[in-house]
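Number of protein chains: 2
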Amino acid sequence: MFRFTLVKKDKKTKARLGFFETLHGKVETPIFMPVGTAGSVKTVTPDELKDVGAQIILGNTYHLHLRPGEDVVNHFGGLHKFIRWDRPILTDSGGFQVFSLAELKNITEEGVTFRSHLDGHKIFLTPEKSIEIQSKLGSDIMMVLDECVPYPCEKEYVKKSIKLTTRWAKRCKEAKKNQWQALFGIVQGGVYEDLRKQSAEEIVEIGFDGYAIGGLSVGEENRLMYDITDFTTDYLPEDRPRYLMGVGTPEDILECVSRGVDMFDCVMPTRNARNGLLFTSYGKLHIKREQWKLSDKPIDENCNCYTCKNFSRGYLRHLFKAGEILALRLNTIHNLHFYISLVKDIRNAIRKECFEEFKKEKLEMFKIGGDNV
Amino acid sequence: MFRFTLVKKDKKTKARLGFFETLHGKVETPIFMPVGTAGSVKTVTPDELKDVGAQIILGNTYHLHLRPGEDVVNHFGGLHKFIRWDRPILTDSGGFQVFSLAELKNITEEGVTFRSHLDGHKIFLTPEKSIEIQSKLGSDIMMVLDECVPYPCEKEYVKKSIKLTTRWAKRCKEAKKNQWQALFGIVQGGVYEDLRKQSAEEIVEIGFDGYAIGGLSVGEENRLMYDITDFTTDYLPEDRPRYLMGVGTPEDILECVSRGVDMFDCVMPTRNARNGLLFTSYGKLHIKREQWKLSDKPIDENCNCYTCKNFSRGYLRHLFKAGEILALRLNTIHNLHFYISLVKDIRNAIRKECFEEFKKEKLEMFKIGGDNV
Numbered sequence: 394m395f396r397f398t399l400v401k402k403d404k405k406t407k408a409r410l411g412f413f414e415t416l417h418g419k420v421e422t423p424i425f426m427p428v429g430t431a432g433s434v435k436t437v438t439p440d441e442l443k444d445v446g447a448q449i450i451l452g453n454t455y456h457l458h459l460r461p462g463e464d465v466v467n468h469f470g471g472l473h474k475f476i477r478w479d480r481p482i483l484t485d486s487g488g489f490q491v492f493s494l495a496e497l498k499n500i501t502e503e504g505v506t507f508r509s510h511l512d513g514h515k516i517f518l519t520p521e522k523s524i525e526i527q528s529k530l531g532s533d534i535m536m537v538l539d540e541c542v543p544y545p546c547e548k549e550y551v552k553k554s555i556k557l558t559t560r561w562a563k564r565c566k567e568a569k570k571n572q573w574q575a576l577f578g579i580v581q582g583g584v585y586e587d588l589r590k591q592s593a594e595e596i597v598e599i600g601f602d603g604y605a606i607g608g609l610s611v612g613e614e615n616r617l618m619y620d621i622t623d624f625t626t627d628y629l630p631e632d633r634p635r636y637l638m639g640v641g642t643p644e645d646i647l648e649c650v651s652r653g654v655d656m657f658d659c660v661m662p663t664r665n666a667r668n669g670l671l672f673t674s675y676g677k678l679h680i681k682r683e684q685w686k687l688s689d690k691p692i693d694e695n696c697n698c699y700t701c702k703n704f705s706r707g708y709l710r711h712l713f714k715a716g717e718i719l720a721l722r723l724n725t726i727h728n729l730h731f732y733i734s735l736v737k738d739i740r741n742a743i744r745k746e747c748f749e750e751f752k753k754e755k756l757e758m759f760k761i762g763g764d765n766v
Numbered sequence: 394m395f396r397f398t399l400v401k402k403d404k405k406t407k408a409r410l411g412f413f414e415t416l417h418g419k420v421e422t423p424i425f426m427p428v429g430t431a432g433s434v435k436t437v438t439p440d441e442l443k444d445v446g447a448q449i450i451l452g453n454t455y456h457l458h459l460r461p462g463e464d465v466v467n468h469f470g471g472l473h474k475f476i477r478w479d480r481p482i483l484t485d486s487g488g489f490q491v492f493s494l495a496e497l498k499n500i501t502e503e504g505v506t507f508r509s510h511l512d513g514h515k516i517f518l519t520p521e522k523s524i525e526i527q528s529k530l531g532s533d534i535m536m537v538l539d540e541c542v543p544y545p546c547e548k549e550y551v552k553k554s555i556k557l558t559t560r561w562a563k564r565c566k567e568a569k570k571n572q573w574q575a576l577f578g579i580v581q582g583g584v585y586e587d588l589r590k591q592s593a594e595e596i597v598e599i600g601f602d603g604y605a606i607g608g609l610s611v612g613e614e615n616r617l618m619y620d621i622t623d624f625t626t627d628y629l630p631e632d633r634p635r636y637l638m639g640v641g642t643p644e645d646i647l648e649c650v651s652r653g654v655d656m657f658d659c660v661m662p663t664r665n666a667r668n669g670l671l672f673t674s675y676g677k678l679h680i681k682r683e684q685w686k687l688s689d690k691p692i693d694e695n696c697n698c699y700t701c702k703n704f705s706r707g708y709l710r711h712l713f714k715a716g717e718i719l720a721l722r723l724n725t726i727h728n729l730h731f732y733i734s735l736v737k738d739i740r741n742a743i744r745k746e747c748f749e750e751f752k753k754e755k756l757e758m759f760k761i762g763g764d765n766v
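Chains G and X supply the protein sequences, listed in that same order. Residues 394 to 766 in the working numbering are what the first sequence lists, from first letter to last. Residues 394 to 766 in the working numbering are what the second sequence lists, from first letter to last.
I should point out that these hints are in silico values taken from the structure, not numbers from a laboratory. Owing to the predicted nature of the structure, the values given are computational and were not obtained by experimental measurement. Just so you know, not all the hints are guaranteed correct.
Identical chains blur together in the list; that is why a pair holds if it fits in one copy or across any two.
Unchecked claim - Here are the computed lysine to aspartate or glutamate pairs in the DMTMM-like style, where the Cα-Cα straight-line distance is at most 25 Å:
#	residue 1	residue 2
1	K435	E421
2	K714	D464
3	K553	D627
4	K401	D512
Bound-form chain G, shown alone (with noise of 0.2 Å):
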């Protein structure tokens, strides 16, 4: 079972408020999905996630695959009672992970040979063995096996590229047996606009459950990035959801919703977390700099997130230094608050039909620099 129902569309730009149900249960949009990538979002449990707002994460299918295998996790009765969560989950389709981290690829029609970075182990990838470990996870939504190029990359190497994206999406779709998981087509074509046209052409043609946008947020300049979005929003179907891939930093979350994108994911608030940056409604802080030595206030105070009711900035910088885990614990927390809680503002934003307003006064909020408040 899978439905996303269109609640609103925004009268001045083009951000939706809807809302999609799954065997796990509801997922208001605009949505933000914390990454948990190998069977755990970084530091924190599955309740704290609840704490801070969390309808849906996300899964990554290679890590899973490589360790502990998704016959293992299968043993379990999936990735939900493995992990213990019990609301959606979305799962990639491992093949962002071959392209990006693993050694040695080779593409060819029937899928990509690679080796594993953990220990070299080779590995073949196909779109049916991709819907294979994804069934046995047992995600809500499943993604498509699609191939990745890099940015920059050549125009004729794109144009052959999304041929076999689509051809493998169709195999992805044949190859999908679980009814109620749902199964996410993906857009590429680089940054070539009737590449992108194409591609969502023949993606919404075979017909999938929703749609993402894929290969973005790969090195490109963001207002390429927002372009392109905004040109590929324009050719996917009104009552599917729109997910655009690994995206981003709040002010992308922002241009992204206001380019017609219900769904985000990106490790941005948990790895910035680790390394001690945190986002706040003044934008960035740096929780390690000397100048919070002594400081007794929050991280934001305009936040309730656990870690703002409780702990100064002085003592969270000295947990930082210290290389307390303490400190990447809440730090987290914070990141994962305030990613969320924006979506949250947002989709009130656009009940209230006042998106364009919010979106206009938080990113001048965001120029100030939380180093600077």
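Start from chain G and add chain X according to the hints.
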């Protein structure tokens, strides 16, 4: 304010049931104190410490002096406020870390000079300085600065050393300013009974709020540690708590409670957790073992900690093998819960006048081995 109340003495062993009161609340004895090295019991929050039942934690003066420095902690209103822990805190004198971690130690009558293990800068620690730091940290119980001799150690050296420790203890007592902070003396004397007796008599003569047995669990045989503890508690007053510093395994705690000890601290539950070694009612369990790959059992079926209530050995093994921080957290919660439940059960057994049987049964159970259950 510090007051110790002896509630009950076991009839068959030297075990005691009691409690002490501090400005930050009451602590029941026998008690185990989790170690909060540098302003954090590694990996866990204050709320999680309360969830596992911690009544008091320990802070390391050496670590806190180096980072963030006692003046920073004092700026925030002391250690309780800085780390957001509103229950009692005991701080050590810094001596133990100076003798075990720091470099280039030079001991004189005045104090000890050493170099920071972090950046090599030279520090001069005296009895007065240790008390000054602990006053600024604002712990409920301070410890006197003592000389920690290694094991083995020549008797002639230990003989001179305990005299220095006595003189330093006196200076600590004189340096103490805050009435509300308790100060414990420390008995040294290595493995020599006559020197332990002499040290105990001299330290008790000065008069402290409680008495610690120092310099044990530093490499000597268990049996010897138990014998020295047994011997030493006979020279300590009944109406003051006795604290066996840095001890130990669950077996050590049972053995030393039965020899008259009221307080324990050790990094074992937290450090072992981070190394994948878990304590169970059937003894030690190694979570990374292949045998747990498909196990849906909790770590310990007799345990009701957050980890055991929610997660399988199979998942915990996966998290640990994948290097996930969540593994370290969940393991730590379990091990701390185990230690704190053990002393709670010990208190109940003394209350019900069945401590000796309880101890025998526990020691038998531990021999089975958690990996065999």
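Is the C-alpha distance from K435 to E421 at most 25 Å within one copy, between copies, in both cases, or in neither? Classified as within: same-chain Cα gap 23 Å, cross-chain 36 Å, threshold 25 Å.
Can you give me the call for K401 and D512, within, between, both or neither, at a CA distance of at most 25 Å? neither (49 Å within a copy, 59 Å between copies)
For K714 vs D464, is the C-alpha pair at or below 25 Å within one copy, between two copies, both, or neither? between (40 Å within a copy, 17 Å between copies)
25 Å Cα cut-off: does K553 pair with D627 within a copy, between copies, both or neither? The answer is within: 23 Å in one copy meets 25 Å, while 86 Å across copies does not.
The earlier numbered hint that this structure contradicts is number 4, and it is the only one.
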